[in-house]
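*Asks:* Residue-level listing of the chains:
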Amino acid sequence: MNPYSQNASGQNSVSATVDATLRLVANLPAPQGIEDRILVGLRTAPRTARVLHWPVPLRSSTGAAGSWMRSAAAAAIVMVVAGGGWGIYTHVQPPQPNRVIVMPQRMAAPGGFSSAGAMRTPQTLNGPVIAQPAAASSVQLKPLKKAAAHPATTPPRHPRPVATAKADAQLSAPPAQ
Amino acid sequence: MSASQAVFSGWMEIPETAAHDRDRIQAEEATLAAMVSQYAGALYRVAFSVLRNASDAEDAVQEAFLRVLRHRDTLGEVRDQRVWLIRIVWNIVLDRKRRAKTRPETDDVSELARVLPSSGLTAEQIASAAQHHAHVLGCIDKLPVKERQVLQLSAFEELSSVEIAQVLGITESSVRSRLFRARNLMAGLLNHSRSLR
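For the record, the sequence lines run as chains A and B.
Per numbering that gives the first Met the number 0, residue 0 is the first one in the first sequence, and the count goes up by one each step.
Per numbering that gives the first Met the number 0, residue 0 is the first one in the second sequence, and the count goes up by one each step.
Quick caveat, the hints were computed from the structure, so don't treat them as lab data.
Don't take every hint at face value.
What the hints assert, rightly or not - Label-pair ranges, simulated between beta-carbon atoms:
1. A:S12 x B:S159: 19 to 29 Å
2. B:I24 x A:A15: 42 to 52 Å
3. B:R69 x A:S70: 18 to 28 Å
4. A:A44 x B:H131: 35 to 45 Å
5. A:Q92 x B:K96: 55 to 65 Å
6. A:A15 x B:S159: 17 to 27 Å
7. B:A33 x A:W85: 51 to 61 Å
What the hints assert, rightly or not - One-sided excerpt, in silico: chain A residues whose CB lies under 8 Å from chain B:
8. V13
9. S14
10. T16
11. V17
12. D18
13. T20
14. L21
15. L41
16. A44
As the list claims (entries may be wrong) - Examples of chain B residues toward chain A, derived with CB under 8 Å:
17. S48
18. A53
19. F64
20. L68
21. A154
As the structure is a computational prediction, the values presented were derived from the model and not from experiment.
Where a beta carbon is used, it is the ideal one built from N, C-alpha and C, also for glycine.
Assemble the whole structure, with the sequences as input and the hints as a guide.
*Replies:* Set out below in structure tokens:
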């Protein structure tokens, strides 16, 4: 026996084994009462949806007339749906653009710093200054300086500045002729 | 009856009330019952060869006849009802098999041991035979889909290669070439498993 025929016989035995198994599965008897169960299932199965038939006077028209009526009804339904959609489309206004007042952009302070909310106030003029005689003002300052120079010494109770005394003397003396 | 009721009944008549509709439905039911009694067994075997589960196979046959019920208006256009029905149940079974891939496989050995002919065989022999068949079926499951489908359908003696081609939607020459390829692949798989033992 050549190897080819041996291989072929081996393949035949394998295919016989496979066929035997597949035939065994394929020839299994159906379970008892399967037909009855299927028929019961078919009877209890929901039928197709009920469709309202054409009105009696229109039902007599069969064939081409009936198909024409169906087409007309379908077209009418399409028209109603399309008309409704168009009506909604035309009645609904497109949204108006928002009216916004554009604020001018705030200018940044020169130098890169912000004003931090500080309000600028205009420079105003100085208030009225009461003019005093220059001599009086200069004389009055002297005892203060002296007092500051000698803080340890007890000041007189009622110090009378020298300049003041001199001034008093000048005021009391008669003017020289 | 008021006028409005009369108008309503005239415009909205339900089909079951008509006598000819009742006759038509009865005729359809009789045709369907004849089909069930004639082909239910064959459809069950086709379904079982793929699903290998009794209840799943019966459900598949039930679903196939429900589909027939839904399309009963086109029954007159069917040339070969047997091939048509096998094609329906075949598609259902393949769909179920695809969906059931996530589920654990059913126990083929115990199912086969239940259905094996037990005349003149001991329990050990039956168990051994069941294991052998389960091993062969496991090898068949390893085949590519196209070859496996042809091999499974070829086991049905009532199906010719032309009818297998009709069920699968391919040519008869494709059936033959796929069958040849499937047998070669099966020989390789079985020899490989024998050499491993």
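*Asks:* Does each hint hold? Answer for all of them.
*Replies:* A quick look at each hint next to the structure:
Taking 19 to 29 Å as the suggested C-beta distance range, the pair A:S12 and B:S159 conforms, at roughly 25 Å. At roughly 50 Å, the beta-carbon separation of B:I24 and A:A15 lies within the given 42 to 52 Å, and the hint holds. Here the CB-CB span from B:R69 to A:S70 is close to 25 Å, well matched to the stated 18 to 28 Å. The beta-carbon spacing between A:A44 and B:H131, approximately 41 Å, falls within the hinted interval of 35 to 45 Å.
For A:Q92 and B:K96, the Cβ-Cβ distance of about 57 Å falls inside the hinted range of 55 to 65 Å, so the restraint holds. For the hinted restraint 17 to 27 Å between A:A15 and B:S159, the CB-CB distance of approximately 21 Å keeps it satisfied. Distance hint for B:A33 and A:W85: a CB-CB separation of about 54 Å, consistent with the stated range 51 to 61 Å. For A:V13, the shortest C-beta to C-beta distance to chain B is roughly 4 Å, which falls under 8 Å, so the interface hint holds.
For A:S14, the shortest C-beta to C-beta distance to chain B is roughly 5 Å, which falls under 8 Å, so the interface hint holds. With a cut of 8 Å, the hint placing A:T16 at the interface with chain B holds, because the nearest CB-to-CB distance is about 6 Å. Against a cut-off of 8 Å between C-beta atoms, the interface hint on A:V17 holds, since the closest Cβ of chain B lies about 5 Å away. Below 8 Å, beta-carbon pairs count as interface contacts, and A:D18 has one with chain B at about 7 Å; its hint therefore holds.
Contact between A:T20 and chain B, as hinted, is supported at the beta carbon level, the nearest pair being about 4 Å apart and thus within 8 Å. The criterion of a C-beta within 8 Å of any C-beta in chain B is met by A:L21, whose closest approach is roughly 3 Å, and the hint holds. Here the hint on A:L41 is kept, as its CB sits about 6 Å from the closest CB of chain B, short of 8 Å. Hint on A:A44 holds. Least Cβ distance to chain B is approximately 6 Å, under the 8 Å limit.
The interface hint given for B:S48 is met, as the beta carbon of that residue sits about 5 Å from the closest beta carbon of chain A, less than 8 Å. The interface hint given for B:A53 is met, as the beta carbon of that residue sits about 6 Å from the closest beta carbon of chain A, less than 8 Å. With a cut of 8 Å, the hint placing B:F64 at the interface with chain A holds, because the nearest CB-to-CB distance is about 6 Å. The beta carbon of B:L68 comes within 6 Å of a beta carbon in chain A, closer than 8 Å, and the hint placing it at the interface holds.
A hinted interface residue such as B:A154 counts as satisfied when its beta carbon comes closer than 8 Å to some beta carbon of chain A; here the least separation is about 3 Å, so the hint holds.
Of the numbered hints stated above, none is contradicted by the structure.
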